[in-house]
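Visitor: Turn these sequences into a full structure, and let the hints steer you where they fit.
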Amino acid sequence: MKKIPKKVKNPYFAGTILGVVLFAAFALTHSGLGASGAISRIQVAITKLFWSAHVDRVGTFAAMGAGDRNALDHPSMFLLIGTFAGGLISAWYNGRLKIEIFKGPKITNYQRLFFALLGGIIMGYGARFARGCTSGQALSGGAVLSLGSWAFMFSVFLGGYAVAYFVRRLWAD
Amino acid sequence: MLPVDIIAELGKAGGYAVFFLIGTGFGIALELAGFGDSRRLAAQFYLKDMTVLKTMFTGILVACLLIFLSAALGLLDFSQLAVNQTFLWPGIVGGLIMGVGFIVGGYCPGTSLVATASFKIDGLFFLVGTVIGAGLFGESLPAFEDFWNSSFTDRFLVSDWLGWSIGATVFGVTIFALVMFYVAEKVEEYFKYKATGNAWSWKITKRPYLYGAGILIAVAALIWAIGQPDPIRKWKIMENKYSGQLVSRAVFIHPLEYVKTNNESTIKLITLDLRPNKDFAAFHLAGSENVKLDNLLDAKFIAPLAQLPPNGVVVLLADNDSISIKAWQYLKVQGVINLYILENGLHNWNSLFADKTIHGKTFNPASPPVEVLQLFPKNTYITKIKIGSKKRAGGLCS
Chain A
758 MKKIPKKVKN PYFAGTILGV VLFAAFALTH SGLGASGAIS RIQVAITKLF WSAHVDRVGT
818 FAAMGAGDRN ALDHPSMFLL IGTFAGGLIS AWYNGRLKIE IFKGPKITNY QRLFFALLGG
878 IIMGYGARFA RGCTSGQALS GGAVLSLGSW AFMFSVFLGG YAVAYFVRRL WAD
Chain B
2 MLPVDIIAEL GKAGGYAVFF LIGTGFGIAL ELAGFGDSRR LAAQFYLKDM TVLKTMFTGI
62 LVACLLIFLS AALGLLDFSQ LAVNQTFLWP GIVGGLIMGV GFIVGGYCPG TSLVATASFK
122 IDGLFFLVGT VIGAGLFGES LPAFEDFWNS SFTDRFLVSD WLGWSIGATV FGVTIFALVM
182 FYVAEKVEEY FKYKATGNAW SWKITKRPYL YGAGILIAVA ALIWAIGQPD PIRKWKIMEN
242 KYSGQLVSRA VFIHPLEYVK TNNESTIKLI TLDLRPNKDF AAFHLAGSEN VKLDNLLDAK
302 FIAPLAQLPP NGVVVLLADN DSISIKAWQY LKVQGVINLY ILENGLHNWN SLFADKTIHG
362 KTFNPASPPV EVLQLFPKNT YITKIKIGSK KRAGGLCS
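Chains as they are written, first to last, in this note's numbering: chain A, 758 to 930; chain B, 2 to 399.
In case anyone wonders, no lab produced these hints; they're calculated from the structure.
One should not assume that every hint holds.
Claimed, not checked - Below, in silico cross-link-like pairs of lysine-lysine (BS3-like), each with a Cα-Cα straight-line distance of 27 Å or less:
(1) B:Lys187 / A:Lys766
(2) B:Lys293 / B:Lys237
(3) B:Lys187 / A:Lys763
(4) A:Lys863 / B:Lys195
(5) A:Lys855 / B:Lys49
(6) B:Lys242 / B:Lys187
(7) B:Lys49 / A:Lys766
(8) A:Lys763 / B:Lys242
(9) B:Lys49 / A:Lys764
(10) B:Lys269 / B:Lys327
(11) A:Lys766 / B:Lys204
(12) B:Lys237 / B:Lys13
(13) A:Lys766 / B:Lys193
(14) B:Lys207 / A:Lys763
(15) B:Lys193 / A:Lys764
(16) A:Lys863 / B:Lys49
(17) A:Lys764 / B:Lys195
(18) B:Lys387 / A:Lys766
(19) B:Lys193 / A:Lys863
(20) A:Lys763 / A:Lys863
(21) A:Lys766 / B:Lys242
(22) B:Lys301 / A:Lys763
(23) B:Lys301 / B:Lys279
(24) B:Lys13 / B:Lys387
(25) B:Lys261 / B:Lys49
(26) B:Lys187 / A:Lys764
(27) A:Lys764 / B:Lys207
Guide: Okay, here's the thing in structure tokens:
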């Protein structure tokens, strides 16, 4: 039986759930949500498998996984696994669990995957630069009124709008 | 009183399980919003679909209102929440880079996780990219490490920047978000109507949205009207949590422990002297600072004390217990972690050290050297200072 994808929820409804989850995160763990920290931890753990001396040498890697420290033994990893599980559950329940590639109609699948990887690399780099991603900086820091997080949030939108015109072929109809 | 330290309450396994559940809620919220689809996320930057902006700011606003409403009602201690440190310029540069990654790749780290979880191959490629990008950053950091660590302010709030109260700032943020929602709705309508040829108008046509906005404004006004608790009211709320440490005198340290701590190079000791000016002028401990009780109610004065590194210790001394205890209460509820009182102030300081010599030489009683400790039997005092290593500033991004 093939499920028909349900319509996505009203953004204000989804946002309210997001806000309640974010509040729960602060109330129960005194820190908010995050994704990029755990992604860095995965990167450090992978690097360590092949080249552990290098992890000890690079400052930001060493902070997470130097010596016998296990980079993956951190609450943020469980938050990441949970995010994955939540995405899976909701996609399954709403009939959106399907192997596919989302792209603008004017580019090929290979092009899309190339740009997804490239965008990911830029994003991963920027998220470390900004000490957090859209979840950890913008959402969490925004809710507790951190000035740096608000400045960060606007610069993400600014960066996106500044470049959007030049890459319009990626998404145009 | 919130927040709970879930790992301390439930142990590591139980705590991690709670993190997993919170993550699950996060993943569900992102997926429900349709953030597993890069086309919807990218459309934000072409003004055709404002879902990203609407969902993000609703999330921020709802969490913000819940946090500061519970803080105003005394249900949550805001000083214990992790607030992202501000590294202004690195944050802005990083944000600009991320914006580019967002529009090129179509996701952000959290949403690419959700896309990958729902079997979207482009989401997986993006996610792999973020792992590579994080690695490249670590490799290239030494080239610009000074810039990366520049323009730093710990726990710097929008309210501090504006010079407004927290309540006024929350109200302002609410109005700002509602205006943005209105503009977002109208921009979407404009593009929709342009395609269908309908007439566009400024009017708000969706009634439920008006009611929703009304509720948000009312809550924000309530937060502003109640106000965030000052240290005196906060102590009344939190008395049960901390008064035990005062009653058992667990936070009163012996002068010799003070000397020992002061001579430890790994500890950053701050001594606040609450005695009258003239007594301070006559004699005070080297490096101590003369303060008045009222100073300790001033948020600007407290900020650096609440943001000490984990090895920071604050010691209070006064002429009598009633003053030092009040000072301790004020500072404790404002988030000063390693906070102690010098037992008896300086009343028996001089008699303790007056006739003492080290290898036949006298020493300055305002800063007794560590050798002094050998002149006293080991059991002269009980060690009270425990360095709390709890670091709240980092949050989950590190």
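Visitor: Sort out which numbered hints this structure fails and list those numbers smallest first.
Guide: Hints 6, 8, 12, 18, 21, 22 and 25 not satisfied by this model.
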